[in-house]
Amino acid sequence: MRITYIYIVCLLIVTFSLLGCRGTTDFTDENRPPVHSKRILISYIVSSNEFLPNVHPCADIFINQHLSDMHDYGMCFGNKSNTINQNFDFKSLYLLTGGNEQISFYGDSCQYLAGHDTDYIVAMRLCATHNVNGDFDTSDKFTGGFHGYNSETSGNFSPTMYEISKKVYADGVELLPNTSVYADSVKVIVENLIQGSNTEKIDGTGRYIMKQVIILTCSGGDYNIDINLIPLEDVLLYQVNGLCFYNDFDMIQFLGSEKDNNAYNKAQVVRADKNVYAIRQFNSKYYFDVFMDLKYGLGTCNFNDDSYNASSESANKSYFNLISKRDGVLVPKDSVVSFRGGYRFGINTTN
32 MRITYIYIVC LLIVTFSLLG CRGTTDFTDE NRPPVHSKRI LISYIVSSNE
82 FLPNVHPCAD IFINQHLSDM HDYGMCFGNK SNTINQNFDF KSLYLLTGGN
132 EQISFYGDSC QYLAGHDTDY IVAMRLCATH NVNGDFDTSD KFTGGFHGYN
182 SETSGNFSPT MYEISKKVYA DGVELLPNTS VYADSVKVIV ENLIQGSNTE
232 KIDGTGRYIM KQVIILTCSG GDYNIDINLI PLEDVLLYQV NGLCFYNDFD
282 MIQFLGSEKD NNAYNKAQVV RADKNVYAIR QFNSKYYFDV FMDLKYGLGT
332 CNFNDDSYNA SSESANKSYF NLISKRDGVL VPKDSVVSFR GGYRFGINTT
382 N
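The numbers in the numbering used here rise by one with no breaks, and the one at position 222 of the sequence shown is 253.
Don't take each hint at face value.
Computed spacing ranges between beta-carbons, pair by pair [to be verified]:
no.	residue 1	residue 2	range
1	Asp-365	Asp-336	39 to 49 Å
2	Ser-79	Asn-296	41 to 51 Å
3	Asp-171	Leu-263	19 to 29 Å
4	Asp-365	Phe-334	11 to 21 Å
5	Lys-290	Asn-162	37 to 47 Å
6	Ala-294	Phe-82	40 to 50 Å
Note that these hints are calculated values from the structure, not bench results. For every residue, glycine included, the Cβ atom is placed at its ideal position computed from N, Cα and C.
Let's have the full structure, built from the sequences with the hints guiding it.
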């Protein structure tokens with residue numbers, strides 16, 4: 032589903048007024064943070080009228096940094112409040128007019144570049160091995176992330192994920208909501224509970240079988256994401272897509288592929304080999320990468336029976352493919368399954 036006009040308007044409001052999409056703090060010329068030589072500008076904005084099942088407000092974290100003499104840019108990560116699970120995820124990539132000694136935010140124009148209500152962080156299928164008491168006894172349902180009951184992505188369906196907590200740190204100091212600061216580093220830690228394909232129930236009483244920990248860090252440049260999956264009981268993982276994105280730019284290329292290094296139209300279905308370390312979408316001006324550490328955790332593809340680790344699919348999305356097992360991968364209770372990657376943006380200098 033394409034990002035709505037309302038959300039674009041909200042993002043512009045954030046950029047112009049430091050109010051956030053739904054924030055309540057008024058950052059004026061008198062109380063906005065002073066100019067610093069820090070590498071990034073972080074704004075942690077919470078909603079005044081949209082709340083998670085844990086009764087905490089939905090939140091957005093905007094992380095801005097320099098791009099060129101003329102522009103700055105940023106990425107927003109936060110709760111997708113109009114989705115079934117209200118899941119924490121990548122939300123948008125945007126360009127800012129600025130580029131002076133102060134990282135742009137207050138009073139500068141904002142151009143939306145990418146971002147949609149769909150999975151970016153961890154689409155997966157998993158099942159409990161015992162006490163199967165859900166509405167389905169199959170492994171073909173996606174749960175957590177963008178997917179509610181019966182793999183639905185919109186409508187009045189019960190969620191399959193529950194956010195436990197969210198913490199935001201700038202240079203190691205925890206930020207309070209509706210705060211904007213300059214810093215050299217940011218860390219966001221989000222903990223979720225996820226139901227299984229065979230433990231979800233239509234009335235919302237499905238059993239949570241996996242704890243998911245999302246760790247977002249940025250010290251300038253890359254937006255790094257570490258994922259830890261911790262089973263609350265013995266589980267089978269059938270599919271883990273890792274990180275992905277919607278194909279917003281014109282072309283797609285698989286970096287590192289020994290099979291195919293060509294550039295393709297964003298709508299074309301392509302499956303590369305298992306050597307892809309980054310999927311790049313680009314146009315004549317910019318590139319936007321999703322990347323994966325191929326030497327760490329699930330990134331090694333030791334549990335991937337397919338011939339590829341990255342693909343661009345008919346849903347106009349590009350994915351990393353980390354686990355693909357017809358019979359599933361058994362992961363015992365309290366063990367940890369991990370992978371790491373992230374997102375990067377820059378100026379296209381190849382033209």
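Outcome for the supplied range 11 to 21 Å, where the beta carbon pair is Asp-365 and Phe-334: 19 Å, holds
Given the hint of 19 to 29 Å, check if Asp-171 and Leu-263 actually sit that far apart at their C-beta atoms. 22 Å, holds
Do the Cβ positions of Ala-294 and Phe-82 conform to the proposed distance bound of 40 to 50 Å? 44 Å, holds
The hint says 37 to 47 Å between Lys-290 and Asn-162; measuring C-beta to C-beta, is that right? 43 Å, holds
Confirm or reject the claim that Asp-365 and Asp-336 have a C-beta distance inside 39 to 49 Å. Violated - the Cβ-Cβ distance for Asp-365 and Asp-336, about 26 Å, lies outside 39 to 49 Å.
Whether the CB-CB distance between Ser-79 and Asn-296 falls inside 41 to 51 Å: Given a distance of about 42 Å, which is inside 41 to 51 Å, the answer is holds.
The structure is inconsistent with hint 1 alone, although it conforms to all the rest.
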